[in-house]
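Engineer: What follows is the residue order along each chain.
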Amino acid sequence: MRTRSVGMIATALAVVLTAAACGGNDNSGSGDTKPATDPKSLSAQLTWWDTSDPKNEGPAFQELIKKFNASYPNVKVDYQSVPFADAQNKFKTAAAAKSGAPDILRAEVAWVPELASLGYLYNLDGSELLKDESDFLATPMSSNKYAGKTYGVPQVTDSLALLYNKKMFEAAGITAAPKTWAEVKTAAAAIKSKTGKQALFVNSGGYFLLPFIYGEGGDVVDAAAKKITVNGPQAVAGIKIAQDLVKDGTAVKPPANDAYGNMMTLFKEQKVAMIINGPWEVNNIKSAPTFGGLENLGVAPVPGGSVKAGGPVGGHNYTIWSGMPQEKVQAAVAFVKFMASAESQAFLAEKVGLLPTRTSAYDLPGVKSNATVASFKPVLEAAVARPWIPEGGQFFGPMDKMAVEVLVQNKDAKASLDTVAKTYKSEVVKDYSN
Amino acid sequence: MSTATVERRTPDTAPGREQAPPGRLRRSWDKYWYAWAMVTPVVIVLGVLVFYPLARGIYLSFTDLTEANQQREVCTPSITGELTCQANPNGWKFVGLDNYIQVLSGQIGQFWPQFWTTLIWTVACVVVTYSIGMGLAVLLNRPIRGRGIYRVLLILPWAVPGFVSAFSWRFMFNQEFGVVNGLLKAIGMQPVAWFDNQWTALTTAIITNVWLGVPFMIVTLLGGLTAIPAELYEAATIDGATPWQRFKNVTLPGLRPVSMTVLLLSTIWTFNMFPVIFLVTRGQPAGQTEILVTGAYRAAFEGIRNYSLASTYGVLILSILLVFSVFYRRALRKQGEVW
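Residue numbers (my numbering), protein chains in the order written: chain A, 1 to 434; chain B, 435 to 773.
Because the hints were derived from the structure by calculation, they are not lab data.
Just so you know, even glycine gets a beta-carbon here, dropped at the ideal spot from N, CA and C.
A portion of the hints provided could be inaccurate.
What the hints assert, rightly or not - A few chain A residues facing chain B, derived, Cβ under 10 Å:
| hint | residue |
| --- | --- |
| 1 | Gln-62 |
| 2 | Ile-65 |
| 3 | Asn-257 |
| 4 | Gln-270 |
| 5 | Pro-390 |
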């Protein structure tokens with residue numbers, strides 16, 4: 001397209017001009033081949049869109065920026081908190097218009113392949129950021145790869161886990177967290193009869209039903225074989241288990257709207273003993289006055305089905321906008337490198353319980369002694385990688401509908417999943433087979 | 435729209451002018467050049483702001499343009515400096531009526547269920563809003579104490595940003611913690627799972643929209659009421675008309691010009707009322723309260739954006755409203771309304 005080539009020429013020009021400018025700039029004399037020059041001489045203005053919770057997590061990130069500025073005083077980081085729900089669309093709009101996009105974006109794992117396929121992200125291959133790539137946990141790192149290239153570094157990882165109320169478990173005489181859905185049923189019966197409270201809340205969202213599908217050995221699609229498997233026998237069996245939990249009263253019947261919010265309120269007010277949720281809510285639960293702090297919070301891997309136990313891997317990555325001028329690259333790389341370093345990850349883990357994505361971070365004392373992070377380690381080991389394709393983000397719209405139909409309206413699981421598969425075929429992954 | 439007619443008239447009358455003496459067009463230009471000069475800015479502004487986007491939208495609906503195939507080549511700059519460009523293997527192309535066939539046959543999206551929901555939603559909202567607005571306007575038109583305060587208070591919903599009210603209403607209808615179910619429980623009734631059923635969910639959205647829409651009705655209808663000459667009421671009273679007869683035979687006909695305009699506007703707005711559905715029911719349960727505009731948004735803007743599909747929906751919605759407006763005008767003209 002015409003506009004595209006204009007943009008290319010502009011980018012090419014910018015590159016050339018930058019090179020020329022750098023060549024003429026002889027304040028250090030050592031040239032720009034050596035990236036690790038004096039941090040103080042690096043000067044740039046960077047914008048960062050943070051999509052984390054502004055109340056629970058945001059302050060910790062801002063503290064990190066202050067630490068970064070202690071060693072890089074001339075790199076100004078303009079921290080902007082953007083609501084997670086809007087960030088992807090806002091970024092795409094701005095990137096397509098080639099103006100107004102942030103230099104650095106905290107992108108959810110499923111966004112990266114999509115944004116990379118659209119050419120909105122810098123390819124990070126060959127940069128300092130990927131020098132110690134093997135230190136990153138393999139499953140979160142895999143979300144940054146698209147068509148053989150790497151477009152981001154993992155900031156935080158997560159997966160769904162069984163979060164439970166220890167006091168309520170004690171009152172019900174349960175000593176170990178349930179490991180299968182069958183054990184959940186027995187535990188639920190005990191909780192309901194001994195405490196009179198609700199036992200389990202399963203959010204009626206597609207993402208939250210993935211453990212049930214994985215548990216029976218199913219998945220949404222088989223990306224390698226280009227096949228839609230969401231209505232396969234394993235997936236149907238998994239969703240039926242979830243439906244049964246609601247039907248027989250083990251789980252609260254979720255409302256169709258605001259189910260997530262209700263789930264969290266009930267859990268924090270100790271009105272429900274178990275929820276399926278991720279580490280991102282740990283800080284929120286910790287600070288809830290009605291819950292009783294972290295001592296009361298139990299974390300266990302998500303219960304398993306007949307095949308295995310595992311939740312979908314989630315988390316966020318640092319990505320760099322491809323429209324960022326080349327002269328800012330050094331500063332951006334330095335910033336991301338600092339933010340993704342083992343020390344920064346350990347700081348975030350200690351402060352707000354975010355799970356590090358580096359193996360080495362787990363050996364740091366601050367992380368090792370953190371009970372919550374330690375309790376999530378087995379959860380992460382069981383995490384299942386999602387299909388990292390550009391269409392990955394579109395899987396959940398139809399899945400969410402299915403979740404409400406099955407859990408709230410008690411419709412037939414197979415029929416609902418068939419509709420999902422049909423939508424995938426006609427709208428999401430048209431070249432996949434059914 | 436007068437400029438549009440001016441613009442159109444030129445080609446229409448051109449053939450007639452061809453037979454005229456050659457100097458005539460020129461003489462008309464000499465004589466009326468200032469008129470053309472005056473009209474030009476408006477024509478340009480309308481062209482840029484209205485007609486070009488419209489034409490572009492219609493054109494896009496015949497293509498398969500999406501965010502992923504809009505570029506002829508995808509370029510990814512590497513952090514090390516080089517720029518790799520790859521030809522996009524499936525660039526966008528003209529596909530004729532494919533989009534319309536797929537949308538109207540239900541292969542993509544849920545056009546027909548959403549169409550019926552939209553109709554029910556629009557009729558219910560407009561009827562209820564208009565009736566309540568009319569009632570309150572008539573009440574406020576009488577000399578009562580504190581009328582000014584009532585008027586201000588009733589217009590308040592207008593002053594609250596729409597999304598704030600939408601969120602408040604959604605929370606008020608929350609099954610577990612909402613105030614509505616709290617009241618129901620307090621008077622000994624069963625709480626209602628508002629968003630679990632298509633019709634109760636739609637009701638919550640309609641209530642929200644009525645709350646938001648009534649102030650507009652009050653303001654416009656009050657304006658209409660003050661325009662009805664008091665003599666008519668006096669004469670009716672002298673003739674012994676009951677209040678109901680006065681309302682039916684004086685107020686309603688007197689309000690007719692205002693009502694017709696207001697109803698048309700309100701219909702079009704409600705038909706396209708995106709925020710209320712999007713924020714209050716969020717399409718729940720399972721997309722059953724999605725109206726055409728929100729359905730189009732979900733179909734086209736979740737994940738990789740589908741511009742051609744969005745345009746197709748847009749053209750379809752525009753066509754529906756156009757047909758409605760044409761019939762509405764024709765019906766009015768039959769009744770001798772000048773509008």
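Engineer: Could you run down the list of hints and mark each one as holding or not?
Structural biologist: So, going through the hints one by one against the coordinates:
1. Gln-62: violated (25 Å)
2. Ile-65: It is violated, given that the least Cβ distance between A/Ile-65 and chain B is near 21 Å, above 10 Å.
3. Asn-257: The hint holds - A/Asn-257 has a Cβ within 10 Å of chain B, the shortest such distance being about 4 Å.
4. Gln-270: violated (14 Å)
5. Pro-390: For A/Pro-390, the interface hint holds, since the closest Cβ of chain B sits about 6 Å away, which is under 10 Å.
When held up to the earlier numbered hints, the structure conflicts with 1, 2, 4 and fits the remainder.
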